[in-house]
Each structure stands twice: as structure tokens, then as C-alpha cells.
Amino acid sequence: MKHRDSDAVGLAPRRGFLKHSALGAVALTELLAGKAPVVASEHQTHFAPMAKRVIYLFQSGGPSQLELMDYKPRLKDLHGSELPESIRNGQRLTGMTSGQKNFPVVAPKFKFQQYGSNGAWFSELLPHTASITDELCIVRSMNTEAINHDPAITFMQTGSQQPGRPSLGAWLSYGLGSEAEDLPAFVVMISHGSGNDANQGLLDRLWGSGFLPSSHQGVKFRSGSEPVLYLSDPPGLRRSVRRGMLDQIGKLNQLEYQRQQDPEIVSRIKQYEMAFKMQMSVPDLTDISDEPQSVLEMYGPEVKKPGSYAANCLMARRMVERGVRFVQLYHRGWDNHGSLPSNIPKQCRDIDQPQAALVKDLKQRGLLDDTMVIWGGEFGRTVYSQGSLQDDYGRDHHGRCFSMWMAGGGFRPGALIGQTDDYGYNITEQPIHIHDFHATLLHCLGMDHEKLTYRYQGRDFRLTDVHGKLVAQMVRNH
Amino acid sequence: MLCNKFCRSFFGTKYWLGALCFLASCLAYHPSIAQESTSGPDFASQIKPILANHCWSCHGPDQESRKAQLRLDRRDEALAAGALVPGNASDSPILQRIESSDPDLVMPPPATKKPLTQEQRKLLSDWVEAGAKYTQHWSFAPPNRTGFANNGLARPASERIDQLVALKLQAHGLAPSEPADRATLLRRVSLDLTGLPPTIQQIDAFLSDSAQNAYEKVVDQLLQSDAYAERMASQWLDLSRYADTNGYNNDEDRQMWPWRDWVIEAYRSNMPYDQFLTQQLAGDMLPNASLQEQVATGFLRNQGHNTEGGIIQEEYRIEYVADRVHTVATVFLGLSMQCARCHDHKIDPISQAEYYQFFSLVNNLEEKQASYSNFVGAEPFVRVPTAEQIQEKKEVATKLDAIKLQLDLKEKQIEQAWSDWIASNSDRTIEETLGTSLIDSIDFEETNFQGTQKTWDSADSITYGPGKQGTALVLDGGRYLASKDLGKLESDRPFSISLWVNVPSLGSMAILSKMDEGMNFRGYDMLLVNGKVEVHLVDTWPSNAIKVSSQQAIAPNQWHHLSVTYDGSKKASGVQIYIDGKSTKFDVPNDNLTGSLETEKPFHLGRREKSLPLTGSIDELRFFQGVLSATDIERLAKLETLEPKLTWVRKHWQDLSEDQRNLARTWTRQKIDPAHGELQSQVEQTQKKIAQIDQSAPAVMVMREMNPPRETFILKRGQYDQPTTKVSPGIPESLRIEGVDPPSNRLQLANWLTHPKNPLTARVAVNRLWEQCFGVGLVRTSEDFGGSGEYPSHPELLDQLALDFIQSGWDTRAMLKQIVLSKTYRQTSKMTQEHKQKDPENRLFARGPRHRLSAETIRDNALAISGLLVRKVGGPSVKPYQPPGLWEDVTVERRGKYVADTGEGLFRRGMYTFWKRTCPPPSMVSFDAPNREVCVARRSRTNTPLQALVLMNDPTYIEAARVFASDVLRSGKDDELARMNYAYRKALAREILPQEVPAIRELLDLARSDFAEDPARVDQFLGVGTVSVRSDLPKLDLAAWTVVCSAILNLDETITKH
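Line by line, the protein sequences give chains A and F.
Using this note's numbering, you'd call the opening residue of the first sequence number 2 and step up by one each time.
Using this note's numbering, you'd call the opening residue of the second sequence number 504 and step up by one each time.
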């Protein structure tokens, strides 16, 4: 799909997508009655999609692959030894450890075990996630050039280390549009980890629209009485009055349309109706009283705590059920430069049961086939200790390898992609770069990453810039 | 009636016909119009876009990616290669390849995923048949008036706009529209020029002014207003990526708002655009650059600044420079130069080397990485005091002068005062009064430590051990002592420190310190680093600090006497280090202290504020004022008392040594004549106050040239760590102006940009002004005038305006006036069936402009309608209502907290809303405001349900509706229709139409009957916001009318300029 800069029609769903030029022939009354003819959608995939929706469980701060999914048995023996120069091999280090004289290898403190038919290793911190191994496409050979949070998370979420590009969700909103009548195509939810003091900043650009029309930016959903900003009517104003007000605004806008004949007015009328619908559908979405007890129990004890990762996971499922295209979760608190062994179990407790429940829940509802779930952070962590070797050690940022997993939505279940060396420092087999991951993700959604472009300042921009290649091994039936 | 008459005289059909006849005679001279009737497609508008998008990636200016050594961006080369046969499409190899059905031969290759359409292939074929003519890219050729016969120039400028628009309309079979009615026109021009709606008084005045030039007068008034300056500046903020925080992970607050105020002032004084540009690019390089001219260069420093702990500084420095290139090229040249950062530009003639030549022009800055804590600004920056601060400083300085006068008198008499006092007092009185210069003395005796202490924190857990004399303080690398009131030393005061220390092993440890590590190490410390004595005296590390390090080291496991003296000179040469009573040589790694050591942090024994803990024992700590003599220190090292003072005090002044005289002076000031000392401390305090004012003035980051200039290299793939060939400053060859040397620094860059023969600067600028009024530029891609940008809808008109602009002396006001006085601008915006078919987007201007207002204007409009808008110009950014918790959700360690202003800060214009880059104001973002991380030349204009939610529910708009309603109720009109008319005139500059009345009436009735059911809901509803309205208004009426006014603020027409 190609597109030149142009005004965009916001959250207009596919069915009601209004193209300016098409409006001339359409009677206003028909439009208002919702009987507008279906305009040939611009939102056409390049080939049949395997996935229609995405839930991205972003772990902000850089979770350590060594404590979670990249089992390195030799580290027990290497513990305390100096990381050989042959392994570090001139690696660019962050300003936080580049001055360090020694780089002592530190072995993870946690036990590992094999799971599933492929025998994937998981640490004891993630028992629930481990139990769904057969659903997962595990990649232990992700890599990125970035070594600090801002560029790394920006790279993962926009395909570029520097500000200015549209985010992943914005690209999908632009490329695929929305399926929901009354909910945004792209939703963002944030939860705060239980690990201490390791919250790095999240940035508006991570769910921003960059140079795409701003209607493609992510809409933040928050816990509490007003999940979407400005959703609630002012205190004292009853719904019946709001309805009456919208009716009269609609009439007055219609009269204006009769005078001015500008199709934008018709679009405005539709947006107000949609806003009214959102005011009803969002409370319906966030009211989990209709969830059976068995489902709530799956997601664990925190599911009823507003704003928790568990609550957000359940909410993500409810959103994709209602046609939200892209649900972006952020769980904060993984930046363990110190006290990693005491903090990472808390972080894992936050996420483990809920995220496994999410995958299982999607599956039992038949949604997993066309909904992809993605788990991962912006980079991994170093095998060597930040500062001197301590019991409650820390690890610095590490971009050369890190682990992610995907489930459903066209990713190959049970796949184990990539290998790292004995130190969990370098990739020895099948490196997957962020651009490759993005290309593969788009492929699963039915889009050719080289064709999903947007012309801005004379250049056809892509999510994958001028890079990226499809990783066939990650894709189901490929 | 009046209106109709007025308009007919200006828009009479006779005039339009006349204009067309006149123009018809020019047609033959008019290339773009003329070509529409000839056979071949136009290269610039039709062929070049195809070649650029489908062919030049491999057959264009980029050498490295060029295939088959064929380039199609130049006619001579394409012909020489035999690729094109002018006049014969079927013999032209490229046409054969394009039409080929063989996937191995067809062009463009299928792998590029850029196939040509049937229509495009036909155009190319027709073009070759017609001779395959190339023309220079239109925007690289100087603007010209060839489209016009000479006598056309005699007409008023705004009429020339209409002539050129009419010509194009005629060619498309369209006619201009009727003029807009006067009130609509007034609202339109007010919103366009000031971003504010007209008041009822302004509407009445205009409608009743029957003068021929009534409209022109109004335009002049609007252009002279502060609101105009704000409106223009507001648009400049996106281009300049202005924000109130640094962006990136840590996103600290910054204070660039004096730069924003400079922009407002520049528009208020109608600064010519060439100066406006020059000062922002190179104000610091102008002769005797004023503070304001330096502030102007903040334009080049508005980009983000990353203070994340682990970043590689050069990597980000390069990004900042690249951002400057991108911004300058986009804002002033309308070019997307950043394509050439990694490789030769694929479409425009800009090579990678030329990119770095341009880069070099804005690379010559010693930009310093700022630290995360206590961010003030990334150097270089200038302090820009506010008007209040300037006034306060003036007052304090006057006071200082007065005290200084008195002090000077005392100083002149100081010898006399000393001698008189000595002469008239007994030895005993002298001894008692002058005593010793000892300030503090701590012996660390276990028995009486509590008695000798200052106020110690954590003194309870003190451990004692054997000392040099009695017991000593023993520290284990974990414990330490802290005191708020000990060790207050200053950089301009002489002092001496003496102590004993015994450490079991050597390493890096702090004996004592009073230092704020989080604020660039402000304060002082005395360290042992591998046995060497190291002293820091720091204002700001390392740019304003002394560091000395003894060459001699002490041995572990034995007591050593250490002493440091300092003479208050702010020089390392004023420091002495003594080890075991002997002066020792030291190295001076740092010697640039000019500031102060003052810090609120406590004095620490046994560590710095947070680091360098000491393991060992400390004993017999002494602080003295003044510099102890070598003899005194020798005595201290032998545990003897100091040299007695009184042996010399009765000597004649002329017989005293200089040290003794200094001591005598100090004693006179502090002990003999307390009034003298009081004056002196008043002077010091007042000077401190002045320094405080200076330090609290906003820090505006600016440009400053390095000397010698920084070297610039081509960076392979744009990577900071891959420099290749060195380049000299310059501009792309394709943009060279004949007879003008290419620029070699920023000032010359500005001169080149504003050179009358620069083909782009004026075009890009006037196009933006056109866009401001019409919602779309003559070049729709106002950020891209390059080969892949859109061809102008009216190239001759754009050239006319550009040349007019230059000839007027780059007069922005005059240009806007010319545009809004045109009949083209003054047409009604009503769309007809014909418009919908022939020109749905209004690119031909057969009707007036109609589009949604910008985010800021929507807010300003609502506040102005309600009467809430605070008309204060400039100053620090403000924080209006915002939903709670947004900043905490995203900031590092959740420490960001948005605290809304109270009072006027809630009701300022949108351009003053505090702009946090990682979390911009949500109601603005909903209406398409960018996050201001990068330069944005053109906002998208979307239409979404979230916008409806903002207008319906944001407290700003509810409160505006309530205050608006109270105004309607108080408007002195009791009948409802009159109230409706009043409200409509305020919001829409027109009376309510009869067919609209039932809607408002129904809503009013509904709201009234609903609220009547439950008075509690009335109170809740009226309680939104902070401004109270008069209590004598019936609450029920007020609530019902608030609903109506909210509906009016939500109307499409209210948020639309038409």
C-alpha cells in the first residue's frame, strides 16, 4: 500500500470509511443513517494475512535473558572469571560500565528446567510461561545496535533509533485500519513493575504517529474511572442530556452542511456519534464483572487490581475481541543495573501467570490463530557484572543478543530460533535483527514490509527503513 | 445591505471579465498555461515525478547505487547513452524496457516493487515523442515574472493574485465564487491573522464602516496587534521544534521560552524575514551581538538533548548537528537534505559530500553534554533575565552601591581604627578580644565529645579508638559523621585546615567534604588517593574548579599530620598542602575556579556526600580562618600551640608584615568595629543576592562559534564513529548562486539564504503564508520543494509573491496583507456541485478557504468567546488543566508530576502551554499537534472521536461554556432569541438562523427540565473549573445555558475557519 501525504479520516472504521471525493454522490441522510455505501477500502493487505490483531507485551528496561530464557549451564563454572576479550571483542559499552577495569562473569542464581516438546529451557521464575512452551516461537538471537534505553526502545517501537518515525502500532493502524466501530485501532496500556527503582522513561513517540496523520497514534487506556482521557461526561450531566445535546449538534451541523456542502462536516457528525458510542463501549469494555470466575483465576490474584499487568492482559484480550487492531502493553521496571536477583523475581511474579493466561485464554476462544502475542524488551543484559561481583549483582545493557517470544498470529508454535555462545554474549546461530523481526511481523499481518510505505518529504518511508528480511523459520506453514 | 453594496463594487463581474481579457493577451508568454494546450506532457509537473520515483533510485544522482552506468536525471547523459531517442518513443530503449513483458527486462525491475501504471507509460511515451525535453527543476531556477506582461505589474499586488488565479480557473472551466459576507470575512481574517475571533464590538464597527477601505483598515489593525505576533510565533514553534523539556529518556525541564518571546517580539516589530532568518541562524556572529541576537540562535538549539547515563556523547552530538541540518533545510529551503546523510540523494542533486559540507556549517559549536541532575542547559547558554529580574537586580545594585560607599569609608580608615584601638586598650582586653583565629576545634575525646560537638547527625554510633592525643574517631568504611553547621568555607575567604589521620591501607577515600555530588560537585573536599592528599574546590566540576594533588604520599598504619591552607584567591597557587608539618609540592589538574563553594549539603567526615568512604582514624580536627604560617603549621604538627599573636600587635603599622596587616584588618572588621564587619557582610550578602538573581535567570541555549573551527568529515552511512574524508563548509553545487561565494560559516549561510537570487528562501516563506490563509500551500508539500515534492498549483503566482516579498524588503505583514486583500481570499467558501467534481480540495481557489482550526486556535477561540482568555504576552510556559497522573505514568522512576497552575496560567493562549516532549498536552495532541521532537512543517488535519471527547469533556471547555453562558445571561437581553443571537454572534460572528432556533430551544428545554429534577446535579455541573461566576444568576438557567454554550463550542462551524 502506498500513500501520499493527505488529510486523514481519523478512527473511521473500514466499513464506514469516507473518502472525500466519494461523498458527492451520497445523500446526507443515508450517511447519517449509517447506510453509506462501502467505499473500496485503502486498507488492503498485500496477501492473505495470518494475523489480524497484535498484543505486544513490552518489557521496558531490558529484561535479562540470562535469568529467564537463555540457559547457559557453563556459567556456573565461569562465575567470577574475567570475561575473555575474545568474547567481548571490542563491543561498544555504555558509559556506565565502559570505565570498568574488570568484567567478572556472573552466573544466574536461578534454576533452569526443560519444557515442552522442543525441550526449551526456562528458569524457575517463569513456570506459567514455561507451561505454554508449545505455543511459543522463542527467539534467543534477537539483536540491536542500540545500547541505551532511549535509542533502543525507540528502535524496537519505530524501526529507528532516533525520534521522528511512526510507531509500530501507527504503521498498522495506517496499513490495516480499525476493525472496531467504537474503539481506537491502537491502544496503549502501562503497568508498573514491582521491582524497585528501575523504571526508565516511556516516551510519547513510542506510540506516536511520526509523520503519519496523527489519527494513527496510540490511544492511552488508563486504570480508574476514566480509561480514555476526557471520556466521562462532566459531573451532573446526565446521559439523556448528552444524547440530546449530540442530537442538536448533529442537526445544526447538518444545517451547516446544507449551506456549505463541505464533506468534512459529514465526517465531523460521524465522529461525534462515534464518540458517543465510545462513551458507552469503553465502560462496557472495562467492566469485567461478566468474566467467569475461572477466567479471572487464570490471570491470577492481581487481575482485579486496576492498572496491574494482569488486569492489562485481561483488558488486552477484551480489546482484541472487540476489534482493536493493536494493543501495546508496557510493563516497567526491568532495568536491573544492581540488585537483579532480588528484583527480577518480583518482576516475573507480575507477568508470568497473567501472560500465560492471556495466551491460553485467546486459544480457548479461538482467537490465538489470528492474534499475535509478542513478548520482549528493548535489549538484553550483559553476562558480566556491573561494578564488582556481588551477591546481589547487577547487569548492564546488552544489545548483541536477547530473547523474545511470540505466540499465535502466524508465528510458528514450538519454534526455537537462534543460539548464543556459552556466555550468552554473542549469537552463534541465526541472528534476528529488529528489522527482520518487523519484516516478519508485517508478513504475518499480510503485508510486505517493502510495500507498506508512506511518502514524506520526498521519500517513501518504511517501518524497516531499507533493511529487514522475512525470517521464514518463525512463520507457521512457511 | 451595506455589505452587498460593498462587495459588489469589488467583485463585480465586470472586473473579473476585464481581468480575464487582459490576461488572455499574456497567454502566449506564459509557459505553464501555454503548455496545457500543446501536445507533449510537461517535464516538471508530469514527467519528472515519474522518473524521480521510479527510475532515479538506480539511474539518478547517487553514484554508488547507479546501475548500468546510466543516469536519467540528465538529458545529455541519457541521450549520450542512447537510452532516449527524442521524437521516437518506439526506438527509445527505455520505452522498450518499460513496455517489455519479460520480467528480466522490464523496467523498473519487479523487485523494486515500483511498477509503472499504463497512464505513466503513456505520458513517458508522449514526452519522448514530443522531443524528451528536460527543464531545470522548477524550484532551483530563480523566480521570474515571465508569466506576466509588463503592464501587469502596475496593478496592485493583491489584484495580481486574482488575475493569476482567474487564469487558471478559466483553463479548468471554473468561475470564482461570490464574495463572503462581511461578518464571515471578518471572522476568517481575524482567525487567520491573529488566531482569535472578532468581538461583537469589532463586528459592529466593521459592519457599520462604509468607507471604501474599511476592510483594509481592519486588516491593518489586526496585523498591528499583539495577537498577530503570537499567532505567527505559534506557527513558528512546530518548525523550530520548540519545547519546554529536553525530550529523550530523562526529559528534564528547560527554559527556552525567552527564545519564544524573541520570536513574538520579532513579529510584533515586523522584523524583515531576512533579518529574522539571519538572527536565528547567526545572531551571535553579528557585529557586537546583543543578548537578544544571541538568544535568537536558540532556534538552532531547540532540538532535544539526551542526558541518559550511558550514552556515547559524540553519537548524540552528531544527531543534534544532523537535526540542525534537517531543520534549516526544511524550514528555509524546503528541502529534505537528510536523505544525503548516508548516501548521495536519490532524487535531488545533493551528494553525500555536499551534505557534510552543509553539516560543517552548523557543526562548529562546542556543545557540551549536560548532566541529568539539576539540568540548567547544555552549554553554551546565556542567562536571560526577565523584566522583573532586571528590575530587582537594579534595585539591589543601587542598595549595594550605597553600602559600598559606607564600607569604602571604613576601609580607608581601617589603619587608623586599628592603631587607635590598640593604643587605647590593655593587653588583656586585646588578648580577650582578638583571641585566636581558630574557628572550630574537635578533639574526638570519647569523654567529652558530646560537649564539643557541633550538631552531629548519626553521632550516636560513633566509635572511638586510640588517637594521636587521647581518643580518635574511628571509621570503618560504612559509618561517617555529618554536620549542618560545621566547615562553612568560601572560595573568596582564606582558611586553614589541620588534622591527624591514620589509615590501615591506601585507596580512594574522603577525609572530609562539604559537597553536593548531584550538583556538579559543588563544594570542597579533602581526599586521600593512594596516600596522596587531594583537594577539590568546586563551583561546577570541571569547568569552574580547583583540583590539587600532592606529589608526596603518606604511609598506611601510622599517624600523619595533614594541613591545607588557602588564601581566598580562587587560584591553585593560593593553596598549600603540608604533610607532617612540611610543605609539599603538588600537581594542578584543574585551575579555573571563579565561582562559589556554597552548598546546602552538610559537612561530612569520612566520606563525600555519597561516595568514597574512609576506613581509618581521624583526630584533632581544626578549622582556622586565614592562612596559617608555615611556623604555625610546624607547631601544630608537633602538637604545640600556635605562635602567640600579641607579640606584634603593638608595633607600628609600617613595621607589620603583610600577613600581619591582613590579620589586623580582618580583626578590625570583625572584632574591633562590628559595624564595619556588618557592612562588609551586607556587601557580601547583597552581592550574593545579585549572583542569585543572575543564576535564576532562564538559561537559553545558544550558538557560539568555535575557534579554530571543528573539522568535519563525511560519515560513512551517517555513523558518528565512521569518519572518512574531510570536507570544507559549503552548499550543494546545484544551489550555487552565480557570482556569490558559497558560505563558509553560519553568518555567510544566512547571507546566502537571504540573497535575492536564492531561488528557494522566498518561495518557501511565502508559500507558508499562503498556507496560513488558505489551509494549503501553492506547493502543497510545504516541507518539500525538491524533486519529489509536489509541483505548485500556480507556479507563476508563487514566483510573483516570492519576488514581491523580496522587493518589499522581506516584509511579512505586507505579504499577508496582499494575500488577504485579494478577492480570491475574500470569496465565500461554499462548495458547489461543480467544485466537488472539478476541485474537491480547492487547489484552484474557485472558492474561499474552509478548514478546521489548529489545536491552539481551537483552545484560544473557546477561551476568547467565553471571555476567559488572559491576554498576557510571553513569559514562562504555563500549565492549564490536565488529567492527573499522565507524567507519573511515563517518567523515569515516576518522578514527573504535573501541577496545574492556578489563576491566569489556566487561561493563557495555547502557544504558552508547557510542552513536555515525552508527554505533550493531550488535548493539543488530539488536534494534531506534533510532539515537537523534530521539525514539522505541516500538521496533518484529522477528524476523530477523541476530538469530540476533548471538546465535550475537557474541563477547559466546560468551564468556558459556563462562563460563556453567564455572559449570555448577563447580556441584558431577557428574551431567549436575543440571547441566542448574542451567543451566536460571539461564537460565529453571525446571528442565529431561523431554522437553527428550534435545535437550540429544544436543547435548552431538555437541559432545563432535566436539571430541574435534581438541584444537586446543577451544583455538580456548575462546579467544574475554578472561576466563579456571579451568584445572582439563576443556577438553573445558568446550567441549561452552559449546556447550550457547550453545544455551540462543539459546532463544526465554531472550530472551523470558513
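FYI, nobody ran anything at the bench for these hints, they're computed from the structure.
Glycine included, C-beta positions come from ideal geometry on N, C-alpha and C.
Treat the hints loosely; a few may be bogus.
Claimed, not checked - Under 8 Å between C-beta atoms, here's a sample of chain F residues computed to sit facing chain A:
id	residue
1	Val1393
2	Ser1443
3	Leu1452
Stated by the list, open to error - Within a straight-line C-alpha distance of at most 20 Å, the following computed PhoX-like cross-link-like pairs (lysine-lysine) qualify:
id	chain 1	residue 1	chain 2	residue 2
4	F	Lys1088	F	Lys897
5	A	Lys77	A	Lys110
6	A	Lys347	A	Lys110
7	F	Lys1073	F	Lys1191
8	F	Lys1192	F	Lys907
9	A	Lys452	F	Lys616
10	F	Lys971	A	Lys470
11	F	Lys1192	A	Lys252
12	F	Lys971	F	Lys1191
13	F	Lys671	F	Lys1339
14	F	Lys616	A	Lys470
15	F	Lys617	A	Lys452
16	F	Lys907	F	Lys897
17	F	Lys971	F	Lys1085
18	A	Lys347	A	Lys112
Hey, lysine 971/F versus lysine 1191/F, does the alpha-carbon distance stay inside 20 Å? Cα-Cα ~40 Å, so violated.
For the pair supplied as a hint, lysine 347/A and lysine 112/A, is the alpha-carbon distance within the 20 Å limit? The given pair, whose Cα atoms are some 16 Å apart, holds under the 20 Å limit.
Should the hint that leucine 1452/F touches chain A count as held when the rule is a Cβ pair under 8 Å? 4 Å, holds
Hinted pair lysine 1073/F and lysine 1191/F, Cα distance within 20 Å: 17 Å, holds
Against the 20 Å threshold, does the CA-CA distance of lysine 1088/F and lysine 897/F hold or violate the hint? 46 Å, violated
Given hint lysine 470/A paired with lysine 971/F - CA-CA distance at most 20 Å: Since the Cα atoms of lysine 971/F and lysine 470/A sit roughly 74 Å apart, the hinted pair is violated (cutoff 20 Å).
Distance restraint between lysine 971/F and lysine 1085/F, which requires alpha-carbon spacing of 20 Å or less: Between lysine 971/F and lysine 1085/F the Cα gap is close to 18 Å, so the pair holds against 20 Å.
Does serine 1443/F hold up as a contact with chain A if the rule is Cβ-Cβ below 8 Å? The hint holds - serine 1443/F has a Cβ within 8 Å of chain A, the shortest such distance being about 4 Å.
Has the given pair, lysine 347/A with lysine 110/A, been kept, meaning a C-alpha gap of at most 20 Å? Holds: lysine 347/A and lysine 110/A sit about 14 Å apart, inside 20 Å.
Straight-line Cα separation of lysine 671/F and lysine 1339/F no greater than 20 Å? 17 Å, holds
Mind checking the alpha carbons of lysine 1192/F and lysine 907/F for me, to see if they're no more than 20 Å apart? Between lysine 1192/F and lysine 907/F the Cα gap is close to 15 Å, so the pair holds against 20 Å.
Restraint: valine 1393/F near chain A, CB-CB cut 8 Å. Satisfied or not? The hint holds - valine 1393/F has a Cβ within 8 Å of chain A, the shortest such distance being about 4 Å.
In terms of the numbered hints stated before, the structure departs from hints 4, 10, 11 and 12, listed from lowest to highest.
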